[in-house]
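Peer 1: Listed here are the chains, written in short residue letters.
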Amino acid sequence: MRIALFVTCLADTMAPRAAQATVTLLERLGHEVVFPAAQTCCGQMHVNTGYLDEALPLVRHHVEVFDSPDWDVAVAPSGSCVGCVRHQHAMVARHAGDEALAERAEQVAGRTYELSELLVDVLGVTDVGAVYPHRVTYHPTCHSLRMLRVEDKPLRLLREVRGLDLVELPSADVCCGFGGTFALKNSEVSTAMLADKMTAVLSTRAEAVTAGDSSCLLHIGGGLSRLRTGVRTVHLAEILAGTGTELEEAKP
Amino acid sequence: MSRTFVGMPLRAGAPFPQAAREAVGDAQLRRNLGHATRTIRAKRAAVVGEVPDWEALRDSGSAIKADVMARLPELLEQLEEQVTARGGTVHWARDAEEANRVVTDLVRATGADEVVKVKSMATQEIGLNEALEAAGIAAVETDLAELIVQLADDRPSHILVPAIHRNRSEIREIFAREMPDAPANLTDDPRRLAMAARRHLRRKFLSARVAVSGANFAVADTGTLSVVESEGNGRMCLTLPQTLITVMGIEKLVPTWADLGVFLQLLPRSSTGERMNPYTSTWTGVTPGDGPQEFHLVLLDNGRSTALADPQGRAALHCIRCSACLNVCPVYERAGGHAYNSVYPGPIGAVLTPQLLGVAGHEDPASSLPWASSLCGACYDACPVKIDIPTMLVHLRGKVVDADRGRLGPGAAERTAMKAASWTMSDPSRFAAAQRLARTGRLLAGRRGRIGTLPWPLSAWSTSRDVPAPPAETFRQWWARTRGDQP
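Protein sequences, first through last, are from chains X and Z.
Residue 1 is where the first sequence starts when you use this note's numbering, and the numbers rise one by one after that.
Residue 253 is where the second sequence starts when you use this note's numbering, and the numbers rise one by one after that.
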């Protein structure tokens, strides 16, 4: 299958290893990955902060880049960016009265998948041949869970990883407190939510916490780092691309 | 057009982030709320889980409410006709002031200087107790938790369990201090506390000549009103006094008794986590020789028509006040109800309050409420009538932002930043340039590879979270280097 990588602006800039791992993984499974280099940002931050007019150029640009017959499907290593494409792009276009754009956006959304969806639903695999000999706990991000309904797909993928000691995260389905600009606008409540998430992570005695969204990992990891807990974050894609031979943590 | 009441009940003070700052630092409050919401979440999950057609029930509830909103004027007139035909009197109130005046005049006409009250959100929304007090009429709350709040001169912090922010030893103290007939040896045993309240309230029930209630539902085709409750104190008020005055929001209608059946299944499981609530009272007009011999229904708008006019906001009027969304909300659990500064706290309050008031710009403290959410979506999943609260929050954020357009003020700096980000990120070469700029952040990171302090407004992040140093190479640079494409 020919798969376009929708890298997301955040992974591109701040978490390239998650995106590289997505490429490595899909190629290992025998698929061709293309990177539409004109892509930028899906506009989720603008939409969710209430700036629908400002989101419109970003939505239009995303649709123009990804509405292409050059690949079969697009994949992003992010539940929330796929959630934005699937649940918000057409809405932003309609808000601006652009029905043609809304319909194109719906078509793009119809063949855009979050990584675990692509693997399990489209490609039909749960054992991706990964090796990752570490104790890890999994945080299901809110938009994967409740916007995309990925359910237990990430866990089904993780359970097949050789050497992985997967420990259950208590109160896993509670938000980590990130929420985009929520973390800035309501920093105090966000921090209180983060503290409870960190308490849950630490209670598992895992050496790393994983998730399908670099944004939530940046938040949880930012707190774990601040408190010098020694627990690191790792994107789901990096575990699924794992061979057990790579350095466990590249230096930034 | 009338203006919605703007005093305490819907808009009480500081914007949410400021009000929440104090709450998250209150260890006792955090403990009380964490314990209470955890308990009620588990109870709800258990009783919802045992209903095989729960999702179908939610769909029914949602569809009935959508139908009611589409036919509201017609159904309200049908209700008025039926209530009147069965001996009741219907009054229409555009806003809080009108509703309070109607109720005050009705109480005055009976000559009573005290009324007993059934727990009611509508009367809190309009500040009825304060209005009655100003007219020399004492309003006695008879719901146990509302009584606790009233005795402590406190504010409710939850729709269903208004004293959720209090634990039992705090309640013992309030009773000992404020309840004139509290027993001297009162302990914090829940049963002893309930017995003290029972004795205190029983005297009130037996002497009251007028009761004031809200309504959970009104059945349009028979003119029947309904209140569901747990304690039986509501039923005392609804049956013993001579005069009953019910204040009801105009959205509380259901077309028929068959529709009522759907909500009587949805509401108790969603609110108290019970299969059936202990007391369901229904009454239709006046029954000679049985119950109140005078019945008045006050139909309250107070901003509901404004909310109804917004196709993307009107589903907030579907709310049946179960408070399941509060109990599952991670923001509510940590900030508590008072931080919302509205009688309607939590996720539903964040969409309902600004709509009832009329969405304004950033200068209105109530306009901070649509941002009081991480958009995690737990509220939508819990809502028994499937109100898509996260989507509505985003819609209302947009309305607040749009209300500020073209004006200087609190929203201007953010708007400029958002416009700049939109310009930068809608073009790949400008975006790549911004990425190069971001990489200078590596200088801030030092040898640890972590940034611990950021300038305003990002300092709100870095007060409690590190930021990793931006990587030496972005993904698109890696791709270009390893795959030979142009970035």
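Keep in mind the hints are simulated off the structure, nothing from the lab.
All residues carry an ideal CB built from backbone N, CA and C; glycine is no exception.
Warning: the hint list may mix true and false statements.
Straight-line distance between alpha carbons at most 27 Å, and here's what the computed DSS-like set of lysine-lysine pairs gives [stated by the list, open to error]:
(1) Z/Lys671 to Z/Lys651
(2) Z/Lys651 to Z/Lys638
(3) Z/Lys295 to Z/Lys638
(4) X/Lys185 to Z/Lys671
(5) X/Lys185 to Z/Lys295
Using C-beta positions, here's what the derived DEER-type ranges look like [to be verified]:
(6) X/Arg111 to Z/Arg735: 50 to 58 Å
(7) X/Leu184 to Z/Gly736: 33 to 41 Å
(8) X/Arg159 to Z/Arg735: 29 to 37 Å
Here's a subset of chain Z near chain X, in silico, CB distances under 10 Å, partners left out [stated by the list, open to error]:
(9) Thr291
(10) Pro507
(11) Thr508
(12) Trp509
Peer 1: Does each hint hold? Answer for all of them.
Peer 2: Each hint tested on the structure:
no. : hint                             : result
1   : Z/Lys671 to Z/Lys651             : holds, 17 Å
2   : Z/Lys651 to Z/Lys638             : holds, 22 Å
3   : Z/Lys295 to Z/Lys638             : holds, 20 Å
4   : X/Lys185 to Z/Lys671             : holds, 18 Å
5   : X/Lys185 to Z/Lys295             : violated, 33 Å
6   : X/Arg111 to Z/Arg735: 50 to 58 Å : violated, 23 Å
7   : X/Leu184 to Z/Gly736: 33 to 41 Å : holds, 39 Å
8   : X/Arg159 to Z/Arg735: 29 to 37 Å : holds, 32 Å
9   : Thr291                           : violated, 14 Å
10  : Pro507                           : violated, 31 Å
11  : Thr508                           : violated, 33 Å
12  : Trp509                           : violated, 34 Å
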